[in-house]
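> Each chain, written out:
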Amino acid sequence: MLRPVLALLLLTNGTLADTADGEALKAMSWSQIEDQARGGTVTWFMWGGADNINAYVSTYVADRLKAEYDITLTRVPITDAADIVNLILNEGEAGVTDAGSVDLLWINGENFRSMKQADLAFCGYTGILPNDALINWDNPAIANDFGVPVDGCEVPWNTVQFAFAHDSATLTDPPRDMAGLLAWIQANPGRFTYPAPPDFTGSAFVRHVFIYAAGGPEALLGPFDQAKFDEAATKTWAILNEIEPFLWREGLTYPTSIIQLNELFANGEVAMTFNYDPAQFGIAVDAGTYPDTTRSFGLTDGTLGNTNYTLIPFNAPNKSAAMVAENLLLSGEAQLEKAKTEVWGASPAIDVSRTSEDTQAGFVEIVGHPSVVPAAELAKAALPELQADWLTAIEKGWLENVGN
Amino acid sequence: MTDRRRIFLLLAPALMVIGGLFLTGLGLTLLRSFRYMPALGLTDPDLAAYVAVLTRPDFLASLGFSLWIAAASTLIAAMLALASALLLRQSFPGRAVISFLVQLNLTIPHIVGAIGVLYLVSQSGVFARLARAAGMIAAPSDFPILTNDPDGIGIILLYVWKELPFITLILLSSLQTLGEDHEAVARSLGASRWQAVAHVLLPMISPALLSASALVFAFSFGAYEVPLILGANAPKALAVLAWQAQTEPDLVARPEAMAMAVITALIGLGLLLATLRSLRHRGLHAR
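Chain order of the listed sequences is A and B.
Position in the first sequence (first residue = 1) + 4 = my numbering.
Position in the second sequence (first residue = 1) + 197 = my numbering.
Bound-form chain A, shown alone:
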């Protein structure tokens, strides 16, 4: 009675171990990997806060994986990739090395650094993906994730650049640079605020002020430097404390998340919001949350840009299927689909000039949303992201010096 059950268990375990064995996969050809991936499943943990992104993954991507490889994609919505870093860390501690719960993770920045810090990522396989040829690894903004070398441990998916939004009906002429913004805040008490770090977006806003206070990003690139940090930080806290009484609720409290700031903007309590993914403004307008007259813009002294990635954990049970999924996400067609305004409006992470002529023509045809500042416009003044050590130091410093 028990024996067949046991045999079955052993059998499934055997196949699990196969698709989970990263080192064996690296020795295979791409067609062998595709064969092994066929009929498998991919469990993808990804931030689930935007319906259009969820729809793109659950329909376009999932349908193509099913049709072309018979792979079943399970999308697990999460609010913060840090939770999943904890989950994988716990699995690692518990000795789960080939049957983890995560096959694919949408990630970047500090969380990627944590994954690398604890050796939780499957690395060194990206060159096997055929569509790796579309990635321009010579671009430091792609080859480094918030300053941390990617080292073949994750695959770029989108590029984004920070932008501000305002309602052009109530605020016709918003300030266009950081100095102007700071002056505007003081002239319009209660009409501006930012989410308290460590909120991802609020933390990015504080970094803009930090870079402004440092006189530009040049001095801040590279590894963390305490002396340079102290110099820029002192100025940053002075600026932020100076504008604090002029913020929403006189700066006594800050919104705790970007969601809360977006609500304040939607309710007209504040005049501006901002986002690391400007496509979100268009989505909110189409959903009726923001007024139709919402417009967005970058700062003439530049806004931060970054790349986000997909990563396969070291203990992913279905590595081959996850690799096939990553390869599909990188394809010119999939990148074009998500770049379409009505689908998502996400900027590609691949070098479009390396794609087919049809795909290139498709990118040219995309008409932007009136509320979303075009990526090309933002790209005219882009700031590189700082390394993760800078980020944590700035977040800690803010909590101690401004948000206490």
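For the record, the hints were derived by calculation from the structure and aren't laboratory data.
All values reported here derive from a predicted model rather than from experimental measurement.
With beta-carbon atoms standing in for the labels, derived distance ranges: (1) 369(A) <-> 422(B): 42 to 50 Å; (2) 296(A) <-> 244(B): 53 to 61 Å; (3) 215(B) <-> 83(A): 25 to 33 Å; (4) 248(B) <-> 174(A): 47 to 55 Å; (5) 421(B) <-> 173(A): 38 to 46 Å; (6) 305(B) <-> 143(A): 48 to 56 Å; (7) 99(A) <-> 244(B): 22 to 30 Å.
We put the beta carbon where it would ideally sit given N, CA and C, even for glycine.
Dock chain B against chain A, hints included.
Relative to the frame of chain A, chain B by itself:
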């Protein structure tokens, strides 16, 4: 002996859940709080995380804040519950309806209530909009700040609303078992109405009131979701601060998060033990 074995067997499922899930989790939390995490190369347990946590100004502020919201909510809810229980004990027309209404929100999850509070009394909530329509305020910022405020007014409001029926229910059942005879005896022996309540009734229901209040205090002291939704960015409630440390990208911060969780649990446990002792003490005196 067989009886004892049978009891043990019957309790085994419950013990397995408590022992297997809760105590294992607690044990892992303790290990990590002593900075024992082999996955990160931490193999020599020490107390550094506790020292770090107890000297962090934001932790002490959070500790004070959590004590404040727990004490204020418990006190207000207990007083209102006592008054409602004494009133609902009497018979009057419509009593059934009112007692149903008082207990209605027992079934509503805290998080739903918290979002409801946000919709009602935030600066762009329903009341603020009504006030604006009535011309009482000109802009959202004119409405009093009742949610996401540093004093935790919104949090206390929610806990009072949510825990009042709980304490009322426990008091009512305690009153029911007492009956009205004792008061009537006191009155017939010449005690005034107030004296009968203060010297006869209150001492008799105080064990129920005390234990219900202790549970409410321990819960509101350690709960996470309500202060997350209704709290300000600073000071944060203990549970919110601990979770923030737990999700900090730097993995080395994990032991501090665990130390915060352990300290929170110890305070809650200490309070419950103190309540238990005081109840036993009273019990001895009463005998």
